[in-house]
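Engineer: Heads up: the sequence lines are chains R, U and A, in that order.
Each residue of the first sequence is one higher than the last, beginning at 1 in our numbering.
Each residue of the second sequence is one higher than the last, beginning at 1 in our numbering.
Each residue of the third sequence is one higher than the last, beginning at 1 in our numbering.
No lab work stands behind these hints, which were simulated from the structure alone.
Just so you know, not all the hints are guaranteed correct.
A few chain A residues facing chain R, derived, Cβ under 7 Å [stated by the list, open to error]:
#1 Ala35
#2 Gly38
#3 Ser327
#4 Arg333
#5 Ala342
#6 Tyr367
#7 Ser380
#8 Val384
#9 Ala437
#10 Pro463
In the DSBU-like style, the derived pairs of lysine-lysine whose C-alpha atoms are separated by at most 30 Å in a straight line are [what the hints assert, rightly or not]:
#11 U:Lys494 x U:Lys434
#12 U:Lys487 x U:Lys477
#13 A:Lys94 x R:Lys90
#14 U:Lys477 x U:Lys408
#15 A:Lys27 x A:Lys487
#16 R:Lys69 x U:Lys487
#17 A:Lys18 x A:Lys253
#18 A:Lys85 x R:Lys90
#19 A:Lys261 x A:Lys94
#20 A:Lys266 x A:Lys282
#21 U:Lys142 x U:Lys125
#22 A:Lys253 x A:Lys112
#23 U:Lys430 x U:Lys408
#24 R:Lys90 x U:Lys142
#25 A:Lys6 x A:Lys356
#26 U:Lys309 x U:Lys380
#27 U:Lys430 x U:Lys321
#28 A:Lys258 x A:Lys275
#29 U:Lys434 x R:Lys69
#30 A:Lys389 x A:Lys258
#31 A:Lys85 x U:Lys142
#32 R:Lys69 x A:Lys6
#33 U:Lys209 x U:Lys125
#34 A:Lys282 x A:Lys253
#35 U:Lys477 x U:Lys434
#36 A:Lys499 x R:Lys69
#37 R:Lys90 x A:Lys356
Computed from a predicted structure; not experimentally measured.
The C-beta atom is built at its ideal place from N, Cα and C for all residues, glycine as well.
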Amino acid sequence: MAAISREEVAHLARLSRIEMTPDELDHLASEMQLILGAVARVQEVAAADIPPTSHALPMTNVFREDVTKPSLSPEDALSGAPAREEDRFKVPQILGDAE
Amino acid sequence: MALNYDQAVSKYEPTLGLEVHVELNTNSKMFCSCSTVFGAEPNTQTCPVCLGMPGALPVVNAKAIESSILIGLALNCSIAPYSRFARKNYFYPDMPKNFQTSQYDEPICVDGYLDVEIETDEGPKTFRVDIERVHMEEDTGKSLHVGGATGRIHGAEYSLLDYNRAGIPLVEIVTRIVPGTGKYAPAVARAYVTELRDILRSLGVSDVKMEQGSLRCDANVSLAPIGSGKLGTRSETKNVNSLRSVERAVAGEIVRQANRLEAGERIVQETRHFLEESGETRPGRSKETAEDYRYFPEPDLVPVAPDAKWIEELRATLPEKPSTRRKRLQEAWGVSDNEMASMVNAELLDTVEATIALGAEPARARGWWLGEISRLANEKEVHPTSLITAEQVAEVIALIANGELTDKLARGVVEGVIAGEGSPREVIDKRGLKVVSDDGALMTAIEAAIAAQPDTAERIRGGNIPAAGALIGAVMKATGGQADAAKVRELLLKHLGQG
Amino acid sequence: MSMIHKTATEMAQALADKSITAVELTKQHLDRIAAVDGDVHAFLHVDTEGALAQAAESDAKRAAGETRSVLEGIPLALKDVLTQKGVPTTCGSKMLEGWRPPYDSTVVSKLKNAGVVILGKTNMDEFAMGSSTENSAYGPTHNPWALDRIPGGSGGGSAAALAAFEAPLAIGTDTGGSIRQPAAVTGTVGVKPTYGGVSRFGLVAFSSSLDQAGPCARTVLDTALLHEAIAGYDERDSTSINAPVPNVVAAAKRQEVKGMKIGVIKELMGDGFQKGVLDSFKQSLDLLQEQGAEIVEVSCPSFDYGIAAYYLIAPSEASSNLARFDSMRYGIRVGDDGQRGAEEVMSATREVGFGKEVKRRIILGTYALSSGYYDAYYGSAQKVRTLIKRDFESAFNLADVLVSPSTPTTAFKIGERANDPLAMYLADITTIPVNMAGIGGMSLPSGLSADDGLPVGFQIMSPAMQDDRMYRVGGTLEAALNDKLGKPVWAQAPELVVK
Numbered sequence: 001m002a003a004i005s006r007e008e009v010a011h012l013a014r015l016s017r018i019e020m021t022p023d024e025l026d027h028l029a030s031e032m033q034l035i036l037g038a039v040a041r042v043q044e045v046a047a048a049d050i051p052p053t054s055h056a057l058p059m060t061n062v063f064r065e066d067v068t069k070p071s072l073s074p075e076d077a078l079s080g081a082p083a084r085e086e087d088r089f090k091v092p093q094i095l096g097d098a099e
Numbered sequence: 001m002a003l004n005y006d007q008a009v010s011k012y013e014p015t016l017g018l019e020v021h022v023e024l025n026t027n028s029k030m031f032c033s034c035s036t037v038f039g040a041e042p043n044t045q046t047c048p049v050c051l052g053m054p055g056a057l058p059v060v061n062a063k064a065i066e067s068s069i070l071i072g073l074a075l076n077c078s079i080a081p082y083s084r085f086a087r088k089n090y091f092y093p094d095m096p097k098n099f100q101t102s103q104y105d106e107p108i109c110v111d112g113y114l115d116v117e118i119e120t121d122e123g124p125k126t127f128r129v130d131i132e133r134v135h136m137e138e139d140t141g142k143s144l145h146v147g148g149a150t151g152r153i154h155g156a157e158y159s160l161l162d163y164n165r166a167g168i169p170l171v172e173i174v175t176r177i178v179p180g181t182g183k184y185a186p187a188v189a190r191a192y193v194t195e196l197r198d199i200l201r202s203l204g205v206s207d208v209k210m211e212q213g214s215l216r217c218d219a220n221v222s223l224a225p226i227g228s229g230k231l232g233t234r235s236e237t238k239n240v241n242s243l244r245s246v247e248r249a250v251a252g253e254i255v256r257q258a259n260r261l262e263a264g265e266r267i268v269q270e271t272r273h274f275l276e277e278s279g280e281t282r283p284g285r286s287k288e289t290a291e292d293y294r295y296f297p298e299p300d301l302v303p304v305a306p307d308a309k310w311i312e313e314l315r316a317t318l319p320e321k322p323s324t325r326r327k328r329l330q331e332a333w334g335v336s337d338n339e340m341a342s343m344v345n346a347e348l349l350d351t352v353e354a355t356i357a358l359g360a361e362p363a364r365a366r367g368w369w370l371g372e373i374s375r376l377a378n379e380k381e382v383h384p385t386s387l388i389t390a391e392q393v394a395e396v397i398a399l400i401a402n403g404e405l406t407d408k409l410a411r412g413v414v415e416g417v418i419a420g421e422g423s424p425r426e427v428i429d430k431r432g433l434k435v436v437s438d439d440g441a442l443m444t445a446i447e448a449a450i451a452a453q454p455d456t457a458e459r460i461r462g463g464n465i466p467a468a469g470a471l472i473g474a475v476m477k478a479t480g481g482q483a484d485a486a487k488v489r490e491l492l493l494k495h496l497g498q499g
Numbered sequence: 001m002s003m004i005h006k007t008a009t010e011m012a013q014a015l016a017d018k019s020i021t022a023v024e025l026t027k028q029h030l031d032r033i034a035a036v037d038g039d040v041h042a043f044l045h046v047d048t049e050g051a052l053a054q055a056a057e058s059d060a061k062r063a064a065g066e067t068r069s070v071l072e073g074i075p076l077a078l079k080d081v082l083t084q085k086g087v088p089t090t091c092g093s094k095m096l097e098g099w100r101p102p103y104d105s106t107v108v109s110k111l112k113n114a115g116v117v118i119l120g121k122t123n124m125d126e127f128a129m130g131s132s133t134e135n136s137a138y139g140p141t142h143n144p145w146a147l148d149r150i151p152g153g154s155g156g157g158s159a160a161a162l163a164a165f166e167a168p169l170a171i172g173t174d175t176g177g178s179i180r181q182p183a184a185v186t187g188t189v190g191v192k193p194t195y196g197g198v199s200r201f202g203l204v205a206f207s208s209s210l211d212q213a214g215p216c217a218r219t220v221l222d223t224a225l226l227h228e229a230i231a232g233y234d235e236r237d238s239t240s241i242n243a244p245v246p247n248v249v250a251a252a253k254r255q256e257v258k259g260m261k262i263g264v265i266k267e268l269m270g271d272g273f274q275k276g277v278l279d280s281f282k283q284s285l286d287l288l289q290e291q292g293a294e295i296v297e298v299s300c301p302s303f304d305y306g307i308a309a310y311y312l313i314a315p316s317e318a319s320s321n322l323a324r325f326d327s328m329r330y331g332i333r334v335g336d337d338g339q340r341g342a343e344e345v346m347s348a349t350r351e352v353g354f355g356k357e358v359k360r361r362i363i364l365g366t367y368a369l370s371s372g373y374y375d376a377y378y379g380s381a382q383k384v385r386t387l388i389k390r391d392f393e394s395a396f397n398l399a400d401v402l403v404s405p406s407t408p409t410t411a412f413k414i415g416e417r418a419n420d421p422l423a424m425y426l427a428d429i430t431t432i433p434v435n436m437a438g439i440g441g442m443s444l445p446s447g448l449s450a451d452d453g454l455p456v457g458f459q460i461m462s463p464a465m466q467d468d469r470m471y472r473v474g475g476t477l478e479a480a481l482n483d484k485l486g487k488p489v490w491a492q493a494p495e496l497v498v499k
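Bound-form chain R, shown alone (with noise of 0.2 Å):
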């Protein structure tokens, strides 16, 4: 089990979108090494030939029919928006592209 270092919980915490300061960085650094070692133990019987469980039950090709159905009014849409312009999110500028 690899240390997990106060700069790789940062990344983390970047790429989760969470400001954090340092000391809870430190923390939360030493917090994950005790829980990742505890889990770390799902490797021990994590044969290569057995095969990963991601629904509970087995189940395919459930769809719906390509058919309309009224959608939110804008006023609903919007109710809980923060900002709001017209019928438009109001949301700080967005820096950087898209995908």
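Knowing the structure of chain R, use the given hints to seat chains U and A on it.
Structural biologist: Okay, now just chains U and A, sitting in the frame of chain R:
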């Protein structure tokens, strides 16, 4: 000295890769029942699912699956017996869940190809473009940047989001690298996207309008010294919004990269944006950290496992390949490559075919649709087919053929139909657009013309047939253009002893 | 006459014979909440007006002879993780403070259609992450049996509301034990149905592949009646089971287990289990044997890895599910000063809006899904999931149901494990395997622990889609225990100080 295109491709071998995103034309979105109609008022086509509200869950649109399978079949792909959706995790405000539901290592279609033909110095040549995968995903919302330079992301003060487009089904078609195109790389890229567009249109699965963004192309280009057998570092150019731009963007990247390599600089693997005005590309804003999308199987959706029966049913509905169909029609109608291309580009091939199927002569059908009707449609900035139907045009052409209308009168009829005055027959009645075929009435006009120009009449009697033009013109003028000029000529010459 | 100490079945009878109205019954519960919830803090929001309106409507329906279900007019407490249109839904998080969803979850729609009166929203660990309800951003819930102890979690509010007679019915959700563990430590009954048995639409996702909403009540029959009301196929949840709901009500009433094979999982009763818990468990086994059941021992060696796998899968899915809380479309927004960009505002909001445990799990999940770690962590955990499923399959070959203590210990003290996440995670060791395999699980009270006088839970597990089996065994055991102990466990709870 900067290298120009010819110099660039004489030293470097380009390798292409193309990723095309297609918006499917389903009625409802990929994972919810909101409408997909283009151009609605902001946030009127949204619901808890496509707004990513807490608790909302996706359900897959069956039509989107069918369309994806059709695309795969048309591109000679294998349809995966088992495929899954995955979550692609990254934060962006136009993406409501902050993950895109996409397909990752288990796409619905794999391993296909598309043959495209281009003109080379040695004549027509076919290139095979291998398709790596066809997969499904969802579109994002649209942002409007306010403040700073108009509409531009940089320097904006804030942004406004409309999620009507969020969740519209997208299919991404990814090629393998296309080696060996040499200097024809831009032409192959364009031919591929053109052929792909035609196939998608023939399948009826998408509007394939590049200018509206329902078909978007990213072009990957890399260069290596000719004969090196190596693969260079690639750039990915986005924002390529027309067929012409595909060609220009690839050529532009080849020149840019060649000049960097000439200068001893490295090519950076990056995303670039095509600039329509200059034909050049500019780098995208580089991210401070490399993205890690943390893909994992979407737990809210179950796997897609189309059985062989379903796939074969879909295969049976595949239309004729556009390239095959074009060849067949071209031969049947006796039209040139250019004429065929202009019908295809104007999106009128189906309509012309329908008009011909209703009995119209091919040259006339093509002439009317690409000529007068397209001209009027252009003025109104609409597609010709929204003005008049194939049935109406076929009727007009039939009336010309049996002599009831002259070309000139027919133009009036078409105008009337477009103006909403009714069927061609009704317009003829209302506007009184009838060929004057009553010999008596014509003879009166002819005699009046002879009386007015006795000298001309005398010359005709003397055998100067071309002089008849002046008298015919006078008759046509007197009848308000409603006479059949050929008929007038026949009666006139007969009357003057030259018939 | 106050009916709050009765069962839902008794209340339904009283409503049916008109000895009480739904409005009176609702008022009695609202009064009880006003009197004791200051100490218990089971509710985050009491919807007095809405509940009374629903009750009045219920009385009108009954008067018109249009009773909608056997639960017509019965009050219920709803875990704050399910959306109810127009009623605040916070998931115990600051992030969603003030959010009023514009839509009903399917569970809420079904409750409304059944004529159930929703009193309000109950407290929970933030986004259902926890085993003590101490992780609620709005302060902990106290166990009515001992106010200095935890009521279990994450659904501590729902369980405490039942134990404190603030509601006869409640809805919980169970991702790793969040229905069963609170039921166990509060002397109430809670059922996690088969995964897909109850729709997740409108259940704010923690871990999509594990989450399951379920019924909670004081008796097995009441639980079955509520199960019947909320279960069934939902086209808005792709993982919903499209099959008839097992007849759980008939099973709960059956009261006999002759010839049934009951498997005791030997790995879930060894070291680390409180003596009083084990003694109570063994007493229940004896009672079941007396009723004619055959007790067999089964082994599930992979369960040992259950917690480790759970604490990889659940945080991984959570890291993606909780990405949508970014302050763009709903919820709180922090740090939007007109200068900072969207990304910074997102990060500042998530820093303030999420509590410690949520952040811990998001970081853990982000790590487990990262490229380079996926196979070792998330991938391996999914393999353990396969092993746990296989263990259950073998065990169910030997037994009709499987049983274990619901929790290793009785309720611990508030604050006791708050700073030791690993110790806290152990509280779910007995309940997690059920979620991993997607099968059904029930906890019902089996008496009080001799060492501390606190309630002990008995867990019954049935194979997927055979939920009726656990009700049959549970109903039989409950009756046998009531005979033996003289009165139900829930009726022995200490009186709370009424304010």
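Engineer: Give a verdict on every hint.
Structural biologist: Hints, one by one, checked against the model:
1. Ala35: Result: violated, 33 Å to nearest chain R Cβ.
2. Gly38: It is violated, given that the least Cβ distance between Gly38 of chain A and chain R is near 30 Å, above 7 Å.
3. Ser327: 6 Å, holds
4. Arg333: 4 Å, holds
5. Ala342: 4 Å, holds
6. Tyr367: 6 Å, holds
7. Ser380: This hint holds: Ser380 of chain A lies near chain R, its Cβ roughly 4 Å from the closest one there, short of 7 Å.
8. Val384: This hint holds: Val384 of chain A lies near chain R, its Cβ roughly 5 Å from the closest one there, short of 7 Å.
9. Ala437: 6 Å, holds
10. Pro463: 11 Å, violated
11. U:Lys494 x U:Lys434: Holds, at roughly 24 Å.
12. U:Lys487 x U:Lys477: Status holds; Cα separation ~14 Å.
13. A:Lys94 x R:Lys90: The given pair, whose Cα atoms are some 21 Å apart, holds under the 30 Å limit.
14. U:Lys477 x U:Lys408: Cα-Cα ~13 Å, so holds.
15. A:Lys27 x A:Lys487: Between Lys27 of chain A and Lys487 of chain A the Cα gap is close to 27 Å, so the pair holds against 30 Å.
16. R:Lys69 x U:Lys487: 62 Å, violated
17. A:Lys18 x A:Lys253: At roughly 24 Å apart (the allowed maximum being 30 Å), Lys253 of chain A and Lys18 of chain A satisfy the hint.
18. A:Lys85 x R:Lys90: Given pair Lys85 of chain A, Lys90 of chain R holds - Cα atoms ~24 Å apart, limit 30 Å.
19. A:Lys261 x A:Lys94: With a Cα-Cα distance of about 47 Å, the restraint between Lys261 of chain A and Lys94 of chain A is violated, given a limit of 30 Å.
20. A:Lys266 x A:Lys282: Holds - the C-alpha atoms of Lys282 of chain A and Lys266 of chain A are around 12 Å apart, at most 30 Å.
21. U:Lys142 x U:Lys125: Outside the cut-off at roughly 41 Å; violated.
22. A:Lys253 x A:Lys112: 25 Å, holds
23. U:Lys430 x U:Lys408: 16 Å, holds
24. R:Lys90 x U:Lys142: 12 Å, holds
25. A:Lys6 x A:Lys356: Not OK: Lys6 of chain A and Lys356 of chain A at ~39 Å, beyond 30 Å, violated.
26. U:Lys309 x U:Lys380: Violated. Lys309 of chain U to Lys380 of chain U sits at ~47 Å, over the 30 Å cutoff.
27. U:Lys430 x U:Lys321: Between Lys430 of chain U and Lys321 of chain U the Cα gap is close to 44 Å, so the pair fails against 30 Å, i.e. violated.
28. A:Lys258 x A:Lys275: 29 Å, holds
29. U:Lys434 x R:Lys69: Roughly 51 Å between the alpha carbons, so the hint for Lys434 of chain U and Lys69 of chain R is violated.
30. A:Lys389 x A:Lys258: 27 Å, holds
31. A:Lys85 x U:Lys142: Cα-Cα ~27 Å, so holds.
32. R:Lys69 x A:Lys6: Distance of about 43 Å is beyond 30 Å: violated.
33. U:Lys209 x U:Lys125: Holds, because 27 Å separates the two Cα atoms, which is no more than 30 Å.
34. A:Lys282 x A:Lys253: 24 Å, holds
35. U:Lys477 x U:Lys434: 15 Å, holds
36. A:Lys499 x R:Lys69: Status violated; Cα separation ~49 Å.
37. R:Lys90 x A:Lys356: 29 Å, holds
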